[in-house]
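This is what each chain is made of:
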Amino acid sequence: MSGSTLRTIRQMRRKKPLRQRIWENRYIYLLLLPGLLFFIIFKYVPIYGLQLAFKRYQVNLGINMSPWNGVDNFRLLFVDGDFWKSVRNTLVIAYLQILLFFPFPILLSILLNEVRQTRLKKVVQTIYTLPHFLSWVIVSGMVLNMLSSNGAINNLLAVMGLERVQFLTNKSVFRQLLVLLLTWKESGWSCILYLAAITAIDPSLYEAATIDGANRWHKIRFITWPGISMIVVVTLILRIGSIMDAGFEQIINIYNPTVYEVADIIDTYVYRITFQRPANFGVSTAVGLFKGLTNCILLLTTNWICVRISGTGIV
Amino acid sequence: MKKVFVWICISALLLTMLAGCAAPTSSPSPDSTAVTQSDGAEPSQAATSGEYAERITLSHNITDADKQIDNALYDYFSAKFNVDMEYIPMQFGERHEKARIWAASGDLPDVLWMDLNENIYSEWCGWVDSGLFAPIPDDLSRWPAIEEQFDSMIADELFTRNGSVYAMAAMRDMASADFTVCMGLVYRADWAEKLGMRKENDIYTWDEFMDLVRACIEQDPGGNGPGKTFGMSAPQWYFPDMFGIYQLNTYEWGFEEPFFIEIDGQYVWYPTTQEYIDGLKIAKELYDEGLIWQDNVVDTNSTMYIDLYYAGQMVAVGAHATIANLTSGRDKMVESFPDIDREDSYTIAKVSSPVDDTFFWQKQSPCYWGANSISATTTQAQRERFLDMWNWLLTEDGMLFRQYGIEGSDYNIAADGSIELLWEINDKGQYVDPYASARGFYSRPVLNDAEYAFTNVSIPEADRQDGYNAWMWDWENAHIGKVDYNMLYTSTPNKDTLGLFVAEVKAKAIELLLSSTPETIEADWRAWTDSMMPKVQLVLDDLNGLDYIPTSYEDLLEHMGG
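If you read the sequences in order, they're chains X and D.
The opening position of the first sequence corresponds to residue -4 in my numbering, with each subsequent residue numbered one higher.
The opening position of the second sequence corresponds to residue 7 in my numbering, with each subsequent residue numbered one higher.
Derived by calculation from the structure, the hints in this document are not laboratory data.
On a predicted model such as this, the values are computed, not experimentally measured, just so you know.
Watch out, some of these pointers could steer you wrong.
A few chain D residues facing chain X, derived, Cβ under 7 Å [what the hints assert, rightly or not]:
#1 Ala109
#2 Ala110
#3 Val304
Virtual Cβ for every residue (Gly too), placed ideally from N, Cα, C.
Let's have the full structure, built from the sequences with the hints guiding it.
So, in structure tokens, the structure goes:
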């Protein structure tokens, strides 16, 4: 199709009013509805409740009628040493995840793409993907059984005449353990996105490269990587944009008081101040707002940096 | 075809999403006088005649909700009171969370059950003051069993706000023994017997018991193999306090813990006392030596510790040794090891204090366990029906119903008044309870007094006797730590806002068991308690009525340096 034909088609499309285009594609647009409703109900409507961060919530008065108390909830929060400890832990764990977990699915997808035997490729991919479907509750049970001082790993170490290791109570290895578990559980699932991006690369590029004498490393470096780099940038920006989410479900199920010092993140802190003490929904909401704003700032900053460096961003 | 497919997809997605947002199935809509008091209400003719013309629905939160409906007990109860119970599922461990969420979102069940202990009491008071609950009528003459229950306990006074009672307590433990609990260690007496170390009546000094635990680990009387027999463990709510801290405390108690104690007329934070620190050091020594199961610190769901006991790998576990717990524990041991000596596999040990061989520790509990509060959105008919049901459950007929089921099909009363149980008997000669886990609602107003618990013929005679003996032994021989109702149920701004620091204390104690050394644990502990004192002092000041009691939330913030 020539360039002029494409331009003509585009112009014809532009001429149609939005309402008409929506009507013509109404069944496609209707498929958007559930997702749209989901975001409206669960993501946008709750924003209204953020006012609680500036109120002293009273159950009989509800969100609207509860009295305003300025920034008192934030002041109460910021004088609490546990809060800052949880911020530090959240950032450290999240950055460890980005450093150690984030590249792994990319690497895995590239390696899987290089496997020539389809059956083997599918088996390997299935093995990597399956753990995603286990809940963290199940995984935590497995971890306790495997890594406790009388668990399978330590029993094996003992049989080999080695010292038992307190994996689950050792502050110096607990964060790494969290990242390792995350990598095991989610790498297979996360690499689907990159595999899809790789599939979209035109096979003729590889054929041409082969004719030109490129080896596998060259193909990965000059075809595969450029083909998925856009997706990598987008996922990196999104991940940094949610950096204050360091994995509540994982940590709440696996940690214990001996490692609170290094593993208590913002979400577990909120859980404790909301459900394990006299509830103060104002302070809990203040934490949520703090977290949301921080994420937003980080997302925009990362996007700005990515645009500057690679010319690619999401905003 | 495409259209149909799209519509089906959209409908399915929408329905799936909306199903998650749906409110519980319909409750009766509140009448126009929903929050009015029912004081002085005239008993309806239907109620007094025992027949109810109007069928009502009552929602109620409960564990094992799925087991409550499809059984003969429910059919009988439902027909008797012309009521449909709508049970809202709840996990035991999330009872506080759920109560807080329901209260905050205005989504309370018609009858809310909650574990109304000191951790949530002040919030409950706030909910009452906010008008979330309906009061229990002042005049209880229509419900004499409830009136009698109120007379025998302090709970109705604790549940009184602005002159009205707002909760129905579920009693626990024995009123006749001043609500002494039987909390302590359950152990493998059969192993002690095998090693020739069992003491008469299972009464041990601290050192004797620790020697026994040590010997069991080393000599492996259960034949588990090297390194597979563990010493002592406890659920998280008793850990690590069960191993030294409880035993050194001679002061008054909180609900489960000694939070703040009164010395010479002044409250002090118990974790700062030498008794607490000495107890912690004892626990540390036991942990380091391996007498306490090493993974107790990571068993945050309190499941593995007891599984190991039932697997025959643990010498002793901390337990609340009620008759019901004795029976279930022993049954599980028999399930794991059919040839085991049932009673000796799960035996209550009486272990002295680590510092005084003649001092035996025990504690009192508050006079109630959970409590039911009636939502203010219920109708007058719902409230009256609930009180009728509750009153009947407290009568002799109600107790027989709760314990045995329905007369004629589950039990008969012989001419001499004894109970002839009609349940099936298994090959071990024990009754098979057809309503296991199905008595959730009916068990709420429990009266665990001798008259009922110790004469329940469905429970093996040995369990009843052992439970009774242990209770009575404690009552006669042990130092009973009394409950300090004043400290627990005083509502002050700081105490209500900051709580009692129970979780923090426990978490730090567990952390230091591992990270500290015997030489530094006292200094580490004191450094931590010092760091906590700015917050703790606010609560102490409230309790002691000293110079600073904030007048408002904002005032509190100022005082905290915000």
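Consistency of the hints with the structure:
Checking Ala109(D) against chain X: minimum C-beta separation of about 5 Å stays under 7 Å; hint holds. Restraint check, Ala110(D) versus chain X: the minimum CB separation of about 5 Å is within 7 Å; hint holds. Look at Val304(D): its Cβ gets to within about 5 Å of chain X, closer than 7 Å, so that hint holds up.
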